[in-house]
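Participant: Those sequence lines, one after another, are chains Y and D. Going by full-length UniProt numbering, 89 is the number at position 89 of the first sequence; the sequence numbering is gapless. Going by full-length UniProt numbering, 68 is the number at position 68 of the second sequence; the sequence numbering is gapless.
Derived by calculation from the structure, the hints in this document are not laboratory data. One or more of the hints may lead you astray.
[Stated by the list, open to error] On the chain D side, residues computed to face chain Y include the following (Cβ under 7 Å):
{"no.": "1", "residue": "Y224"}
{"no.": "2", "residue": "R256"}
{"no.": "3", "residue": "L257"}
{"no.": "4", "residue": "E297"}
{"no.": "5", "residue": "E298"}
{"no.": "6", "residue": "V301"}
{"no.": "7", "residue": "M304"}
{"no.": "8", "residue": "L305"}
{"no.": "9", "residue": "A307"}
[Claimed, not checked] Derived EDC-like pairs: lysine to aspartate or glutamate, alpha-carbon spacing no greater than 16 Å straight-line:
{"no.": "10", "chain 1": "D", "residue 1": "K178", "chain 2": "D", "residue 2": "E211"}
{"no.": "11", "chain 1": "D", "residue 1": "K259", "chain 2": "Y", "residue 2": "D47"}
{"no.": "12", "chain 1": "Y", "residue 1": "K40", "chain 2": "D", "residue 2": "E255"}
{"no.": "13", "chain 1": "D", "residue 1": "K248", "chain 2": "D", "residue 2": "E200"}
{"no.": "14", "chain 1": "Y", "residue 1": "K169", "chain 2": "D", "residue 2": "E297"}
{"no.": "15", "chain 1": "Y", "residue 1": "K40", "chain 2": "D", "residue 2": "D264"}
{"no.": "16", "chain 1": "Y", "residue 1": "K83", "chain 2": "Y", "residue 2": "D181"}
[As the list claims (entries may be wrong)] Some but not every residue of chain Y turned toward chain D, in silico, with C-beta under 10 Å:
{"no.": "17", "residue": "G64"}
{"no.": "18", "residue": "S67"}
{"no.": "19", "residue": "D171"}
Source: prediction; values computed, not measured. Glycine residues also receive a C-beta, built at the ideal position from the N, C-alpha and C atoms.
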Amino acid sequence: MALALLLWLRRPRVGPLRTFRRFLYKKKWATTLPRIPCTKLALRNFDMNYSLQFGDRWPSIRIGLLSEQKYCALINNFAQTEKVIQELELLNAKDFIYESRQRSLALELVIAAGSSPKDERSGCLDVQDEELRPDVPIDGDGARAEHTQTVLLQSSFNYPRIKCYTFSKGDISRFSPARLDSMGRLSHYLMDAASLLPVLALDVQPGDEVLDLCAAPGGKTLALLQMERCRHLTANDLSTSRTGRLHRVIQSYVPRELCAPGSLRITCCDGRDWAEEESTYDKVLVDVPCTTDRHSLLEEENNIFHKMRTKERQSLPMLQLELLIAGLLAAKPTGDVVYSTCSLSQLQNEYVVERAVEVLAVEYGVNVRIEDLSFFRGLFQDTFYFFDGCRVGELVLPHLTANFGPMYFCKLRRIT
Amino acid sequence: MRLVLPYILQPAVSLLRLCPRRHAACKFGSTASAEGPEGLFSVAGNVRPDWKLQDQFRLSIAKHSRQTSIKDAELDKAAESFHEMGFTNNQIIQLFKIQPVSSAPTLQQRLAIVSELLLLNLSVDKTLKVLKGSPDVLKVMTKTLKDRVEHLRRLGLGEGNLQKVISQCPTILTLPRKSVDATVRLLKMRCLFSAQQVTEILFTTPNILHEVHQDLEFKFQYAYFRMGIKQQEAVKSRLFRNTITEIKNRHIFLERLGKYQTPDKKGQTLICNPKFKHVFGVSEDIFLTKIAHASAEEYQVFKMLLAREEAEEEDNTEGTSGDEETASDYEESDEEEEDNAEGTSGDEETDSDYDDSDDETPERVEP
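All chains should be modelled from the sequences, with the hints used to inform the complete structure.
Facilitator: As structure tokens, this is what we get:
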């Protein structure tokens, strides 16, 4: 007994930082440790696939992916914005949505005047942009008609109330982190500017019922809320931790009235089973999980290219297909769906879209039309580099001078 | 007048015996050897400088020099001697204008050094260029200068090469023997270059003698370990001509473009690396168009980005890792962050506190 007491006394005190001996273990290093880091595996994979897909352009995309990403500052309209905007303009940042609108307006004026305008655009990757160029041939009536049509298409594009500041091409300055204003809301949200394009492509009209199928971490959802056009927004994500993060983002940016259950609902279920309410939404944003090219090249943690996640990675296109089908089924007839990924891979982009259209027509009898978004290229070519080889949809390529993306987006309209 | 002569003549006479008379510009030697000390005067008489010229000499020398009392006769003599060495009036004025930073050399010293340089088989133009490039050479004693040159010869810089090196990098003559030795030792012992390679390095890039040893060694180690360049290749590619930033810029630029891979221990790579001399031995334009196939804009942006990355890396290694909070603000990528449930609920509570305070001031919600 006394001995036991003595032992008890002699036992070292266990502080909060001390680990028990039973928790100590010897790290195995010989066989189980991965020899090649996941980022390297990812790079090897991309080198193999994308050099075929992009050819000569791959090196410039590659260096973009491996270098520091550019951000944009999405201004929080619900906070006090004047000061932030002033500061950002002092930094020489520009609201790229506003700028592109000004430019297209100026273009229209020139067209209306009938004079042949100077071609001010240059240094862009896209070739198909020709149809958008304002050089009107003197004798070609057909071309003129077609041209005015595209301009009309541009002007019909409804610019939402989103202010998003970026630095111009070649400028590598950074934004300061967001601060709280007097109401306790953050002034701006830093995100990849290319992630705004799917939201803009969704073209939400006032009074729309909107569904964001894979919402976390919340950048796109926040942009949707900033528009203040949705009658009701449903944000869904599979994992609890991610919806938790979504909650936090929204709470620190949006006033409580707008987060009320009447206007915003955050759910946490599998997007593939979104059969509970079929054909109810006007707009659906399907921002699917993908190989997240930029992230897998830089972060070792949670990398999808880990050996143990090979199955998961290989089944991604399937998951994406199912999610897109679920999204399309959730949309009303005449409703719009935007499918987006942040991957360059064709397998996850065009093939998924094409396959989804096919499957819906055959299995569900639902007709879907792929909408043309090529006017986006003309609008935002000063900010982004677009890829011109996509069969459907648009792809933003990373480039050192404008290091946004990669971001693929494609708009689909449900007809029946 | 005769009294002041000897000190001007003295180096000239000593020069006589050494001068190999290989170039025509060294009139001094040839005339002097033909006619002896008396001949000097006959030549000098032919080119007797007018007073205007002398004033100019005086002006050019007085501008910097603190010795105010240079006798006319001395100046005359010096000018004459320079004439005889093959300098024109204009060149003499230029020569007098060259002044080392702190101390002004005497005329005698100037004359001695110039003749020493001419002895090295440098032409008049080159001599002037060398002195312009490093005025401090004028401060060096003749004997030391000879010694240093001899040392360079011993390092393998033979005739022709030596002259090239000196005219390329005139400051090499101001370097003490010890520091040259130290650099050579560094190259041999720490970087494992052979003696022949060291000679070639000195010949192609004499500027490394001025570099800080640590930087030099780091440059080599970067090339050797990070890029997999062997010694022989390093010599051939003129690696040391570039600064370490330039080396890093070009290497990492190529690496991220996917056009360069560090060879493994067997020297194998998956892709074909470009030759090092095409990477480092060429101008930026050629590098971009021929090797990297990238635009100049991209490279400029990349250089800025890389500089920032490296600066931040240094900051991090110094131990200021306080930017986790800013990093969380930058997150938009779809990483699957597995927060534990407790953490999220805790955050929600704090956030709801915020919202309560919001409710008290509802008028200011709409901006």
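Participant: All hints are to be evaluated individually against the structure, with a verdict given for each.
Facilitator: Against the structure, the hints come out as follows:
no.	hint	verdict
1	Y224	violated (22 Å)
2	R256	holds (4 Å)
3	L257	holds (4 Å)
4	E297	holds (6 Å)
5	E298	holds (4 Å)
6	V301	holds (5 Å)
7	M304	holds (5 Å)
8	L305	holds (5 Å)
9	A307	violated (10 Å)
10	D:K178 / D:E211	holds (14 Å)
11	D:K259 / Y:D47	holds (11 Å)
12	Y:K40 / D:E255	holds (13 Å)
13	D:K248 / D:E200	violated (23 Å)
14	Y:K169 / D:E297	holds (10 Å)
15	Y:K40 / D:D264	holds (15 Å)
16	Y:K83 / Y:D181	holds (10 Å)
17	G64	holds (9 Å)
18	S67	holds (5 Å)
19	D171	holds (9 Å)
Violated hints for the displayed structure, listed by number in ascending order: 1, 9, 13.
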